[in-house]
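Okay, here's what each chain looks like letter by letter:
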Amino acid sequence: MTVTQAGFRRRLLARKATAVGFVILAIAATGVGIAALAVLMVDLTREGIGRVSWDFINAFPSRKPEEAGIKAALWGTIWMMGLTAAFAIPIGVGAAIYLEEYAPKNWLTRVIQTNIANLAGVPSIVYGILGLTLFVRAMELGRSLLAGSLTMALLVLPIVIIASQEALRAVPGSIREAAFAVGASRWQVVSRQVVPAALPGMLTGIILALSRAIGETAPMIMIGALLFVPFTPDGPLDRFTVLPIQIFNWAARPQDEFRVNAAAGIIVLLAVLLTMNAAAIILRNRLQARSRG
Amino acid sequence: MAVRATEAQTSVSRIRRRGPLEARLRHGREAAVHGALFLCAFVSVFTTLAIIATLLEETVGFFREVSIVDFLTDTKWTPQFKPQHFGILSLLAGTLLVAIGAAAVALPVGLLTAIFLSEYAPSWLRSVVKPVLEVLAGIPTVVLGFFALTFVSEDVIQVLFPGTKIFNAASAAIVVGIMIIPMVASLSEDAMAAVPYSLREGAYALGSTRYEVALRVVVPAALSGIVASFILAISRAIGETMIVTLAAGATPNLTWDPLQSVQTMTAYIVQVSLGDTPQGSLEFRTIFAVGMTLFLMTLAMNIASQYLLQRFREVYE
Amino acid sequence: MIRERLQEIANERPVVAPAQRDAEPMSAPAAAETVAEARHLSVWYGDFQALRDVSLSVLGRRITAIIGPSGCGKSTLIRCFNRMNDLIPGFRTDGEVQFEGRNIYARGVDPVEVRRRIGMVFQKPNPFPKSISENVAFGARVNGYVGRLDEIVERALRQAALWDEVKDKLHKNALTLSGGQQQRLCIARALAIEPEVILMDEPCSALDPVATLKIEDLMRDLIRSYAIVIVTHNMQQAARVADYSAVMMMAPDRAGEMIECGLTREVFTNPTDKRTEDYITGRFG
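Protein chains in written order, with our numbering: chain A, 39 to 331; chain B, 174 to 490; chain C, 266 to 550.
Looking at chain A on its own, in the form it has when it is part of the complex:
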């Protein structure tokens, strides 16, 4: 009747065996993610590193794989990143400031918050459909950089807003109180005290958003970024292409030589992403150090 059964020692051994087996399983699972990343990196490098060269970066796409390059795509990506940032950062940060510092806690605010969370989960191709209908056709911007970057700005807006909100929320209330107490207006409090304090966190969110923006392919396909662009854009109303599209174009071709080009293009894209993220971390650390005095 009692719990102190004679087989307790034996059962304990069985339990410990299960426990050990489980740890091994858990470690193996964690290893899967890491291994996948490692295999990906190795495979890419193997395939493409030979092709990466200054010629490659400086040449336009061509029907002949050995002459093709990513110049147009690279410039298109840079243009698009700049324009997307120009739209997404002010609107996103502004929205975050409104929601955290100005908005009353009523149903409308809750609706806006829920809506933003939902928008973060909408598939990117749906944004592409939106961009095609709204910017390319309705606003008659054509298949231009402007239409593409507006679409991309809408796509990354939820990311900027959510990250900026978290950064603002992390600023202690005492800073706000102290500023109000010396008679500052709400905008003065926000712009002079709160936002500077939240800047490192906001920066992280912005870089995250821009990293996403330059890696997205599907919406750009819908906008009509070209697959074969032998020129670099001169202005926002030009047609354009971006790195992911160029990579997609090459990857979808069966010939092996284009595969090498795709791998090389990917290496350049990842290098750009890596540089952006590294710059962001450095910048954030410097801002944080400065704010701590």
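What the hints contain is simulated information worked out from the structure, not anything from laboratory work.
Predicted model only: the values in this text are computed from it and were never measured.
All clues stand as given, with none of them false.
Cut-off 35 angstroms, straight-line C-alpha distance, at most; resulting in silico cross-link-like pairs (DSBU-like, lysine-lysine):
hint	chain 1	residue 1	chain 2	residue 2
1	C	Lys389	A	Lys143
2	C	Lys389	B	Lys303
3	C	Lys389	C	Lys434
4	C	Lys437	C	Lys479
5	A	Lys54	C	Lys395
6	C	Lys437	C	Lys389
7	A	Lys102	B	Lys338
8	C	Lys389	A	Lys54
9	A	Lys109	B	Lys338
10	C	Lys437	A	Lys54
11	C	Lys395	C	Lys434
12	B	Lys303	C	Lys395
13	B	Lys303	A	Lys54
Chains B and C: place on chain A using the hints.
Quick look at chains B and C alone, frame taken from chain A:
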């Protein structure tokens, strides 16, 4: 003395003097700022309305020509050939095949990773593993699609199952699964971290092993948060485009065999965009009907996930 | 004056006296044997020494109270008895804790086994977010007990004086109970696996006075079958409930030391250490 007093008075009054005009200007400026910021927040509302309006308008036009019953029950999808069929089922099957395959990879691996990070790993190991997973999460999907096509399909699937064509659902499903592992791991770990330590202590004090504490106390206590992360990850898998476009195939195929080539809803939309289908035609409108289906599916799943997460937070905060 | 005050504290009785109390005299009870013993125990968390050379005997069928000002290491000491401190990184010991003829800190001793024989109740009630019966049965299930769990659940709940209040709602979530009921549920949960010793780390400090008295009555009941060690910062509680009291103090370097240990009556009326007298009369702590 009198001179000094007047001097002091003047300087103070210089600070203090705010005429009614200045006050009104400042009030106006504040109101303008408030309004501008509200407009920024409203952009998000506008986006949702625009998405719904865009999809709705063209979908309504689509369903004037195609019956909704056909759309939902026909097993063939051939808008670009004669005779035209508009049954979403084969695209839906392709999407679900890839999503379920991805879930089969990512949910167990992600949850086990989360349990390991939350209950077992020392903090130095966590600080190594978590950034690695974040890097994995940040890789553009076109890169993963290339990986699926060249490595997974050629060097894994075709080796294990000789005779499989280069385009198959399995390679896409595996890589989509790899893509969402970080999401499942990170969100599930957050849910488990919210479970108070006192529950774990209580279980240890009853003579439980760490494994029993993790699986019989922590995971059940964090369950709604974990399930919310599952749903969110599957929703992401359903909406994924580039991996399936590159690796899964370009012909709709109603099958549950992962070794065959299939076309997902997202891949179909890409295919039409790349082609020369004239805008305004019925064939072009199929983009919107399929897009609407996709949007509604992911919206429903996101709402369910958020609801679960809300209930979870109410218990632990 | 001080002596009278000490006498007062030692003589305080609860409003409701359980039947057991009058039947058992406080001094020289029958055959009390040592079931667990800390011998010259020192404890470090990393570089910080939390306990220095502490010795304490835990007697079967008696209540031993560990008292002292906050921060003197009472919780650390009680948690050494069931190796709960092992969960804290940087924890190490010198000295022994003897239980059933072995040092539980010896190599090859499994803490899981120790914790099944020495149970614990915590300061803040921590029932699992499961049903009442699942809470009580958890320990039995985990330890691989084979048999009728509902009998175990009923027996434990009766022992914890909770059965009548919950017998109709065993499947309800444990979090719907009041604080005092939750704590008795945690006691039932610990009793279900039939330990030898029950450790209680300030079990009443999160409860109201009525719930506190119920638990004190329960404790006097439980010592018919178990040895109980209780940490409390409430001296009146120690005086009401404990057969033996052990007084701890914090040394200047913040390490905890045992300065006095003996029958509660003796410690409260005739303390040998001046610091004990100061603490009990409320001069500090």
